[in-house]
Each structure stands twice: as C-alpha cells, then as structure tokens.
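4 protein chains.
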Amino acid sequence: MVDRIKAAVLGATGLVGQRFVSLLASHPWFELVALTASSERAGKRYGDTVQWLLETPMPSNVAEITVAATSPDSVEEAEVVFVALPKEAAMEIELELARRGKIVVSNASNYRLEPDIPLLNPEANWNHIGLVEEQRKKRGWRGAILKVPNCSTAVLTLSLKPVLDKFGIRDVHVTTMQAISGAGLRGVPGYVIVDNIVPFIKNEEEKIINESRKILGKLENNTVKPLEVNIYATTTRVPVLDGHLESVHLVLGREPGGPKEVIEAFESWGPRPQELGLPTAPEKPVIVRREPDRPQPRLDRLNGRGMSVTVGRIRLSGRVLQYLVLGHNTIRGAAGTGVLIAELYYKIKINGLI
Amino acid sequence: MVDRIKAAVLGATGLVGQRFVSLLASHPWFELVALTASSERAGKRYGDTVQWLLETPMPSNVAEITVAATSPDSVEEAEVVFVALPKEAAMEIELELARRGKIVVSNASNYRLEPDIPLLNPEANWNHIGLVEEQRKKRGWRGAILKVPNCSTAVLTLSLKPVLDKFGIRDVHVTTMQAISGAGLRGVPGYVIVDNIVPFIKNEEEKIINESRKILGKLENNTVKPLEVNIYATTTRVPVLDGHLESVHLVLGREPGGPKEVIEAFESWGPRPQELGLPTAPEKPVIVRREPDRPQPRLDRLNGRGMSVTVGRIRLSGRVLQYLVLGHNTIRGAAGTGVLIAELYYKIKINGLI
Amino acid sequence: MVDRIKAAVLGATGLVGQRFVSLLASHPWFELVALTASSERAGKRYGDTVQWLLETPMPSNVAEITVAATSPDSVEEAEVVFVALPKEAAMEIELELARRGKIVVSNASNYRLEPDIPLLNPEANWNHIGLVEEQRKKRGWRGAILKVPNCSTAVLTLSLKPVLDKFGIRDVHVTTMQAISGAGLRGVPGYVIVDNIVPFIKNEEEKIINESRKILGKLENNTVKPLEVNIYATTTRVPVLDGHLESVHLVLGREPGGPKEVIEAFESWGPRPQELGLPTAPEKPVIVRREPDRPQPRLDRLNGRGMSVTVGRIRLSGRVLQYLVLGHNTIRGAAGTGVLIAELYYKIKINGLI
Amino acid sequence: MVDRIKAAVLGATGLVGQRFVSLLASHPWFELVALTASSERAGKRYGDTVQWLLETPMPSNVAEITVAATSPDSVEEAEVVFVALPKEAAMEIELELARRGKIVVSNASNYRLEPDIPLLNPEANWNHIGLVEEQRKKRGWRGAILKVPNCSTAVLTLSLKPVLDKFGIRDVHVTTMQAISGAGLRGVPGYVIVDNIVPFIKNEEEKIINESRKILGKLENNTVKPLEVNIYATTTRVPVLDGHLESVHLVLGREPGGPKEVIEAFESWGPRPQELGLPTAPEKPVIVRREPDRPQPRLDRLNGRGMSVTVGRIRLSGRVLQYLVLGHNTIRGAAGTGVLIAELYYKIKINGLI
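Sequence lines, in order, name chains A, L, H and D.
The first sequence begins at 1 in this note's numbering and counts up one residue at a time.
The second sequence begins at 1 in this note's numbering and counts up one residue at a time.
The third sequence begins at 1 in this note's numbering and counts up one residue at a time.
The fourth sequence begins at 1 in this note's numbering and counts up one residue at a time.
Next up, chain A with everything else stripped away, as it sits in the complex (with noise of 0.2 Å):
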C-alpha cells in the first residue's frame, strides 16, 4: 500500500479528536490531510490551538498543520473522514460528505439506529459492513456513513459477542462507572467529580440498551433484526480520567459446563478483523485476568494498545454469569474503533466485496 489514504478529522482538538489524531498519525494505511475544529481556531496551528491531554506527547507532524473551520470544503482533498464532532454539529455534514464520495466514520451519536447505517464494533458485527450497498442503493450516494458506537456499548458488546455465540443471552443487567473523559474536555467539572460519584449520563442508558441490541443483532435481507433480549442499564459518572468499568450480570440461554468454559469462550475468540490482520485490531480482543481485583481503569485501560476489553472476577452459578469488563472509551470506545472500521472497509473493497 505505497499511496496512504488521504483522511481528515473533523472536531479535531476534542478529546476523541486528539485520539484519532494520536493513532493516525502514523497510520500505515492512512494520511492525515485536513483537521478541522471550530471558527475561532481556522487558520492557527493544530500544535498552538489544541489544549493536547493525552499521556502520551502530541505527535511531532501533527503540530505543523493548519487547522480548517469545520465544514465539507475543508476536507475536500480526503477520502476517508473521520467525525469527533457533537451530534448537532455531525447531522448535516456527515450527509453533505456521503453525498460527496466521503467515507465518512463517524463517533457522533446521531443516525446510530437508522436501518442502513452500519454500527460497527467490528469484532462483534464486522459483516454489517455490508449495509453500505443497501445504503448506497437507498441514499443514492457513493459514499457511506459508517458508524462507531457508544462508548460504553463498544466496550460491553465486545465482551457479550463471545458469550453470545457460546450460551446464548437472555437477560442483561450493567451498571456502569465511566470516567471523565466520555464527557468531554469540559463535560465533567473538577468541583463536580472530585470526592463524588454522579449516578446520571443524559441519554446513555438508552444507548446501550438500543446500540447492543442492533450491534449483537442479525444482518438479514439487508438490515439488521436487533437481538431480543432484555437489557437494564444504569450508568454512573466516577473519578477516574480514562477507562470505563461495567459491572455485567448476565442470564445465559444455556448453563455452561463451568467457569472454564465461560474463559475458554473469551481468550479462544478469534475473529474476522484480527484474521484479516488489521493494523489496529488488538492480537487479543477480551484478555481475561485471573487475579481477584483486576480489571482496573489505570492499570488496565491500555492493555492491547486500548484497543482490548479486560474481563476479570468471572463468577458463575448455573445460568446467571457475573463479571467485571473494563476498555478504553476514547480509544476502544471511540476514536480506535473508528479507525478500525475504516481499515475493515478498505480492507474488504480491496478484497472486492464492497
């Protein structure tokens, strides 16, 4: 892959735009060509106008470009456009781009459920991909609005797949602790969240009940039949910067042979992206931890890069499997999974079935 794909970010200096920025910006397969963020910082470099908060330096070639206004025009030279913008601001662009050619890979919640949109975690439902023909056929369109889900369900539903294909699912019960950063640079105040915990995320609930069913659901006839199963969520805001926890207790379709078993599901999962060996696919999508008091946000949330769930305290009794499931929500739930759907679906039109 000689020529690297030309991509932009639009929303570029939040804290899932700085994510997509870090993991691009040595992408094998992708080049960095436009970045995009509000009126006010046009024209300034990206290295003066962002506040950068990741641990880990903001990437040398990066810095020198010149941040654009948010707009289609100002992506015009990429083909693949990557959305960390807020779901008001995401609406109209995402289908003035699809309509443009763009691949457009988008972490705004916005047109998540519409039936010919995929929401991908491509471990769990990389074949939903295949909504893309359908949406080109209905759209009228040669681009394609591929979208990356919640960030709490990204992380929940990477766990579930395995557990679903094996026993089955009937019930689940998750009680989330998500940190700061799913927020938002500014969407937590110090004074709000130091000492406390806020037991209420606007709408997230929701999302996770609806995103799983459609993520875990059938891709038939060209839509997706959502899973039936029931899901309670309740979803609460903690001290922590990165990394969200989910308490995950589970009603099997069928009584597995032992806890063994249930392990032996998660570290022998092996699917399609990290069979076609895409870069950003984690070598392990769940790792499971053996010890008593893992997984935990700081030690674990960068385990396989952040793109791994970490699932650890499995306890079973007859159909009702407990366990904890931790993953990187701006990474693994959000701005890596967007990157490994754009590298699935070039992966697979290079493969000729898109």
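Be aware that a few hints might be false.
Unchecked claim - List of simulated lysine-lysine pairs, DSSO-like, C-alpha gap at most 27 Å: (1) 44(A) / 225(D); (2) 218(L) / 347(L); (3) 284(L) / 218(L); (4) 347(D) / 202(H); (5) 202(D) / 44(L); (6) 137(L) / 218(L); (7) 260(H) / 87(D); (8) 349(H) / 218(H); (9) 284(D) / 138(D); (10) 166(A) / 225(A); (11) 284(D) / 137(D); (12) 137(D) / 225(D); (13) 6(D) / 87(D); (14) 284(D) / 218(D); (15) 260(H) / 44(L); (16) 202(A) / 260(L); (17) 87(H) / 166(H); (18) 260(L) / 284(L); (19) 260(L) / 44(H); (20) 260(A) / 44(D); (21) 218(D) / 349(D); (22) 6(A) / 347(A); (23) 202(L) / 44(D); (24) 260(A) / 202(L); (25) 202(A) / 44(H); (26) 284(A) / 349(A); (27) 349(L) / 225(L); (28) 202(A) / 138(A); (29) 87(H) / 225(H); (30) 166(D) / 218(D); (31) 349(A) / 137(A); (32) 138(H) / 225(H); (33) 218(L) / 138(L); (34) 284(H) / 166(H); (35) 44(A) / 44(H); (36) 225(H) / 347(H).
To be verified - Listed next, the stretches of chain A that the computed footprint assigns to chain L, with coverage defined by at least 3 CB atoms under 8 Å from CB atoms of chain L: (37) 168–181; (38) 193–200; (39) 230–243; (40) 316–326.
The hints are simulated quantities; they were obtained by calculation from the structure and are not laboratory data.
No experiment lies behind these values; they were computed from the predicted model shown.
Glycine residues also receive a C-beta, built at the ideal position from the N, C-alpha and C atoms.
Position chains L, H and D against the provided structure of chain A, taking the given hints into account.
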C-alpha cells in the same frame, strides 16, 4: 434520664472509632468514660494520639481522655461497650465482656451470623433484639452481644425493607461503589485508588448476601429464619472519601401500580425506632430524591446527619425495580447504627421488654 | 435590630453566590429579598434552577425564592447588594447600584485598585472603610462600593497583618496551592485536574501583589498609601475542592526573639471586627496549629466556620520567617468576607462614623 | 558489549523496585539475574508476588524470576546491585556488598552525606564519581557504594546546575508539591490525600538542603566541598500519582541579560552523560516549556522517558529568578538516576578512569 449510661469505645482511634467518639461525645443518654487502643497508645491523651480525620473538629471534651490498652479490665467502669476492633481482636474480648455483664454493641464482623446473636439494622429488624433473651439463656451470661451489620448491607437493607413489606422481593442484584473509609484509615493506599477503581473487596459480597438474608428474615421461636431471596452482589472500591453508593436491581414479588407507589413505600415508612423517638434515629430513614442525578456521595452522605439513606433514579418496568441508594458508611454503616442499637436496647429495657 | 436589612445577591447560582446564600439565609441582621442570575434562569424557583454543590443542604427558606434576571431594577427592594458576578458583568451594574443609593459589597475583581474604593479584609484594614466618605464626595452618589479582596490575597493578608504590625515585613515570597472552587463551578475541568496540578492562574499573581500592598497600606488624607514591600507570587491549581494553602517565606523588618514571639503575635491578635462583635467575625482570625503536618485543606478549611485562617509549620531563621497558611477560599476568600464587610459597614454607620 | 553485566535489585517489589525492574528488564548493558524482597515473598515468582502498579504492563521476562530473601548471598551472582530498600534495611547490607566487591547503586537515604561516598545526579556532578577511588582506599574494599539523591533534590539540582554555572546562585527558596508515589506504595493512605494536601514530609527539607549543597559542590583533594548557598525548603504532599512539582525562587549571583539568556542556559546545557551517550541519559536533561501553564505533572512527567525535568513559567526580575520545575520522582528521582549512575560508572571504568 438524669444519670447517663457509662459507655466505652474499644478501638477508638480508627475511622469507625472516631465516628463513635464523635457521636457519643455529646449524647443525651450515654457518657464516654473509657477509650481504648493498642498498647503503644495507652497512657496518652486521646487528643495527642489519634490522627483525627473527620471533617468536623474533635469534640474538646474527649481530647483529654487518657487512652487505655484494649482489655476487658480497661472498660470496667462502662455499662455499654462499643466495639470498633478488627474481627480477630474482637472475638475473645466480646465474649468476656458479655460474661462480665456488659452490653456489647459491635461493629466487628465476627458472630454476625450466630443464631442467638441479633444482627440489627434497627429500622429494618428492631424486633430481632428479642434474641437477647435466648442468647442469655443459652450462654449463661448477663450481658449481651448485639451486632452492627456490614456497611454496604446496612445501607442496602434499609432501602430493601419497605419494598419487601409492600411488594415482596424475589431477586436482588447489587453493584456497590464503596468509599475509601470503608477499609479503615490505612486500608486503601492513595497510589492504588487515585484515578482508579478496585473491583474487589474481600469477603464483602458474602457478607451482603448472608447478612441481608438474616436482617430481612423473620424472628420465630427464638430464632431468625433468613429471607429466601436470591442475592447477587459485586463490590468495588472507588475514589470517594465517605459514602457507599449502590446500584440496585430487584425482581419484586408483585408489580407495583407505578413508580409513585414505590416512592410512597419509601417515604411513608415510619418504623419503630422513629416511633420510639430514639435520638439517633433520623427523621426519615429513606429519603427519595427526584432529581435525575442523585444520590451523590459528596452531596447526600450527611443527609439525616449521616443516618438516612438516600434513594434516587427509581425506574420500574413490570416487576423489575431499579434504583440507586447511598448511605454514609461509617455512620449509617457502622458507628451511627451502633449507637442506634444501644438506644434501642435501653429504650426497650426501660419499657420492660428485655 | 428588629427590622432586618433587606439584602440581594447578584449571581446567586455560582459557587460564591451559593456561599452568600448559605451565609445570609439565617443571618441575624440581613434578610434575603432577591436573588439574581442570568436571564434564562429568571422566573424559576432558586431551588429548581441552582446546581447546589455545597457540602451542607440548601437552606429551605431560600429554595422558594423566585430568581430574577440580573439588573439594577431586580434588586430595587434591597438596601445592600452582594455581588458574585464575573468582572465584565459587574462593572456597569455596580456603578448604577451605587448611584441608586445601594450599599454594594462586591466580590468581582473590577475597581479593587481604585483609589476611592475600599478593598477590605476587615481584620486587616477595617479603617479603610473611611474611604466611603471620599468616594461619595467624589462620585456624587449616596450608595457605596465596597470590595472583597481576591481569595488568595484575603487568606495571605490576614496572616501578614499581625506579623507586619509586630516585626515589619520587607519581602514576601508566596507559592499558592489553590482549590478548584476558586475558578467557579465550571472553571476547572475534571479531566484537567485529577492526578494533576496546573501551575498557572490568570492574573492571580498580579492580584496578590497589588491587592496585598493596598490592603496593608495606610489610610492617610483620604487615600491609601500602599505598603512598600517586595512581593513575589507563584500560583497553582491543585485537586482540592475547597481551601487555598499558601507557602509563605518572609524577610522581616526586625528579628523576633524566637518562634514563640511569632506565635504570640498571631494568637494575641484581636482586631476591631472581633471587638465590635460582628456576627461573622471568627473568634480567632488566625489559628495556629502546632502539629508538624498542619494546616491541611480538608481538615482545617472550616475552622472558625470558614472565616479563620490556620497557620502552621512556623519556622524562623534570623529575620526569615516561613509558614503555611490555609483559608477557605469561597468563605474567607469571598462570600464570608463580603458579609463581614457589610456587617462592619452597618456597625460603623450605627455608631455614626459614616 | 556482548556479555551484559549481571545485575540485581534489592527490594524489587516496592514502587522504586518496580521502576528499577522496568528499566532493567530490557537494558542494553545490564541483565537482571536476581530480585529480592522480604522473606515471606522468597521462593515465589516475581509476577505472582509483586503488586505491579506501574502504568505499563510488567515486562514478561521478569515475571518468571524467583524472588529471593534480601541478603548478601542472594545476589552473589550479580556484579552491580541496585538498592531500593528502606534506610534501616539498607545500612548493613550495603557495606557487606561493597566488601564483597559489588558495585552498589543505592536509592536508600543512608550514607548520602558521607565524605567518601559519591551522591550522584550525573548531569550535575558526574565527576564526583571520582570519590570511588578515595572510598576504596579508605574502606579497603574492592566494591563501591554510589548514592542516588533524594527525589526532590534530584529534580531540583538538575535545574539548578546550568543556572549556577552561568549566573551563580546565592539563595534558593523552594516549595515542593510531591507525588504520592514518593512515599512508597503504602506511605500515603487514600483517606488522607484525596481532596487534601499534607504540608509536611519527614526529613525531606533537610535532605533537600544538605544533599543539594553536596551535589552542587566542588570535588577537590578527594573530597567534596559543599556549595555555599542559602536553601530554604517547604515540602508538601499532593494528590498526584507521580511527578514532583517544585516552585523555585532564586537570588542569582549576577543579573542575566533577560529571560532568554536563562532559557538559553537551560536549553544549551549538554553535560557529560549526554556526551558519553549513556543509554538512560535523556536527550535534553532540562526541557523548557514556553506555554503559560506548564509544567504539569500528568502531562510532563514522562518527558524524556521520565529522565528529563521540565521547566516553565520562567520569570526574571533583576537577580531574582522564579520558575517551576517538574520531574518524575521514581524515575529521575530514583530508579532512572540509579541506572544512569551505573551506566556512568561502567563507561568511565571502560575508559580506564576508575
């Protein structure tokens, strides 16, 4: 009650010990006459040897008390002895004190499941204090051992009791987010908990399961028949100073008419300790907050001077009831409930019931 | 004082506004008659629109007050107006209110260095209130503008004043560790401050330097001659909710006999507001702690109901004096000092001095 | 260097021990052959007994090493021994190891001020390693004891050295804001440090004063003449995981032409370890950040892989120079400097200088 009842605290320098001291320093019925600690502190002024860490200043009258080494002799003068020792240190001395005729109100986790020892969360099971008679008969002592429940269990069962009475409960799933103080002053290193969550607390889940069933059980024929209910618990430690938050998912015995009926059950609950006017009983044992983002540990832990639990985010779907409950773990979950138990004992005794 | 003085708070929903409300809700001299906020909150119950974040519950009597949009007309009924607005919003309205005869006690940073406007930290410079006469003459209004100092400055100068009076001060070097609440509710994002320190607060060091020199200056011929002293300040933001801690290094004018003489200077200080018995004046403006590890923000910020500063780690080497001082930034450093200024004004007025 | 030098770590399970292990696991010159800990861990796999808490996963090759009980015999195989023991445990064993001919590179605080024992912050005083000759002559051993400075001192003196060389220094006033890890894994309880600062660290200020004077002193006639300079230090503990931030106020010997000349002094500094190409020497020992709000612990502690210190907020007023300096306390302030010292020793030895 002109002459106050002489009281001692065993293990007065730990975090629960400090709460006992704080609550008893100006109690209308009890008078602190002895504070004990490990032998290296013996002979020192309490004010000099304790590392006082509560958010309110140390009561000036207790600073002058000379600390004694923990032993049955050192609390000879007291009639009621509050125990804030670790389990191993508590086992022998509690028996000896009861043999010497003391009323032992203990926060230590030993003996909580002994059939003849009442495990009391007074609003939920005040009548279990009747076990004292059986205990005295069986053990041949004049004193009594009365147990304070585990902190998470105290908070949980206070919210479960009115629901149980009104609708019945089949299943309880609970995920806790527990404060640092629950592990004692040195239990959770700063390096482990800042920007992190530890999803494991040793023996905590077993305590929640077994103690809840006993507390919510029925006293019949001088023994408590545990409640038959499935309880699944996952316990975590979060970077919060005080206040355990619990995400609760219940399957009820019968379907309430609507969320209002559930709120009504919580708010109309006026159990015995409140009727008896016990000084430490909060006006409302369960406070319901209607805002979408409550309860929060920092904002709600001191409700009812730390003795109320606060319930919020009530969601009902058929027979499935979800809510969050928060309580102050070293007040409602430890020292405060200990003092309330002692008040209950003496009130009942005065009324000639024991 | 049978009829209480009618009072209003401008900007009542921010963190300083909440402190004003909290202090005034049951004040013996003042009666809250109006609370204002931005226009989108106008017409709502205060209890419904404010995001109350103080560690104590909202006073029930203020919850029912209907919030007005900030304007001179909306506080017509009040005689004294407490201002908790940002500087830009405060500039015009303060002038207009003074023209309308209101006593304006303002925490906003504008006008603090105006020659005819008193900048008051009452224990340190109560007599500067005499500038009001000059102000009225010069500006031709019946009202008055009285300014609360910058938060760090209020804490610092309260500790400097008794030292200055006794030993003289040549140089002041101060490094501050300032709490999150100092930047207001949304001023410091959680993602920026957890596990971090930000070593910069805009304009803060200039405020400390200039305001301290004015507060510690002499009132002569209707003007304040700033203290001639070298002040070097470095200000930082730390992950603490409330309470500014300051590391102070002084070169004194003369060498004290020993640390005891310094402690004596702090502890024997009994300035005018205390003599006058003002309700909000703490018993001791400066509390000295002798333990090696105090003051600490969480343990000492509420000393003297938040109005005392706490000094510790006093070290003397020749004419070099080092210590740490801590004060509650939104009480002593803002709303509490504002209320104390108003008390001073009315007490002096009753005595016929203004 | 085909055969790597065999190395051991004493006290390998603490936080500094973990950093040593992390740095040595894939070091080009050294090979880990022994890890020791207290006797109850002896015989266990390192991976099983250590509570690994670094932000990066444990190197897989060290997990398999069997931990030995700390004793001179247990590191017989090693040529160089890195010591991460507490002072009391280190005193005897360091002497014995040197007698046995080992090169002892120690982070323990004992012996740091002994005249014949070099206290090395290599960029600042690499030539003090010459004391080894005197040490061997005087003590009659073939080995050597080389000391790592106190963590705050290492960070401070790295920033002082280029300033001293260029402008001279008369007075140093420093206020530190030190990370939790500086006190070891269990040194700072979570309940003490969340939402708080502790303004005292035992013996720390004396260490900063005495060690800085030795490090910055001149080696003459086989002894170090301490720098004559007034140092005033105030040390505090803050809720930050890693990274000591220090507010520095200097009175210089001569007035620089301007801040640019100071920046130039920092940035042009290319001391001996960098010239020698030592593997652990960072490209720039001092990094200057020009943004108004840097350095910040979370964002700058890993600069230069934790071996650079970062300076910011440089302010010059006549001969008074103020700045903030940040360094990683367990890398630059402990294990990293230890490894750098060992590299320096072997490089010098190979060159025939020792």
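Hint by hint, here is what the structure shows:
1. 44(A) / 225(D): Violated. Residue 44(A) to residue 225(D) sits at ~52 Å, over the 27 Å cutoff.
2. 218(L) / 347(L): Holds, at roughly 22 Å.
3. 284(L) / 218(L): Holds, at about 23 Å.
4. 347(D) / 202(H): Judged against 27 Å, a Cα distance of about 47 Å means the pair is violated.
5. 202(D) / 44(L): With Cα atoms ~22 Å apart, residue 202(D) and residue 44(L) stay inside 27 Å; holds.
6. 137(L) / 218(L): Answer holds: residue 137(L) to residue 218(L) is near 20 Å, not above 27 Å.
7. 260(H) / 87(D): violated, 34 Å
8. 349(H) / 218(H): The given pair, whose Cα atoms are some 21 Å apart, holds under the 27 Å limit.
9. 284(D) / 138(D): Outside the cut-off at roughly 36 Å; violated.
10. 166(A) / 225(A): holds, 19 Å
11. 284(D) / 137(D): violated, 36 Å
12. 137(D) / 225(D): Holds. Residue 137(D) to residue 225(D) sits at ~19 Å (cutoff 27 Å).
13. 6(D) / 87(D): Holds - the C-alpha atoms of residue 87(D) and residue 6(D) are around 24 Å apart, at most 27 Å.
14. 284(D) / 218(D): holds, 23 Å
15. 260(H) / 44(L): Since the Cα atoms of residue 260(H) and residue 44(L) sit roughly 25 Å apart, the hinted pair holds (cutoff 27 Å).
16. 202(A) / 260(L): holds, 22 Å
17. 87(H) / 166(H): Violated: residue 87(H) and residue 166(H) sit about 36 Å apart, past 27 Å.
18. 260(L) / 284(L): This hinted pair holds, its Cα atoms lying about 18 Å apart.
19. 260(L) / 44(H): Within the cut-off at roughly 25 Å; holds.
20. 260(A) / 44(D): Holds, because 25 Å separates the two Cα atoms, which is no more than 27 Å.
21. 218(D) / 349(D): holds, 21 Å
22. 6(A) / 347(A): Distance ~15 Å between residue 6(A) and residue 347(A) Cα, so the pair holds.
23. 202(L) / 44(D): holds, 22 Å
24. 260(A) / 202(L): holds, 22 Å
25. 202(A) / 44(H): holds, 22 Å
26. 284(A) / 349(A): holds, 24 Å
27. 349(L) / 225(L): holds, 24 Å
28. 202(A) / 138(A): It is violated: about 32 Å lies between the C-alpha atoms, which goes past 27 Å.
29. 87(H) / 225(H): holds, 25 Å
30. 166(D) / 218(D): holds, 16 Å
31. 349(A) / 137(A): At roughly 17 Å apart (the allowed maximum being 27 Å), residue 137(A) and residue 349(A) satisfy the hint.
32. 138(H) / 225(H): holds, 18 Å
33. 218(L) / 138(L): Roughly 20 Å between the alpha carbons, so the hint for residue 218(L) and residue 138(L) holds.
34. 284(H) / 166(H): Between residue 284(H) and residue 166(H) the Cα gap is close to 18 Å, so the pair holds against 27 Å.
35. 44(A) / 44(H): Outside the cut-off at roughly 42 Å; violated.
36. 225(H) / 347(H): holds, 25 Å
37. 168–181: Three-residue rule met by the segment 168–181 of chain A, so holds; n is 3.
38. 193–200: As far as the segment 193–200 of chain A goes, the hint holds, because 6 residues have Cβ atoms under 8 Å from chain L.
39. 230–243: holds (count 7)
40. 316–326: holds (count 4)
The structure fails to meet hints 1, 4, 7, 9, 11, 17, 28 and 35 from the earlier list, while all remaining hints are met.
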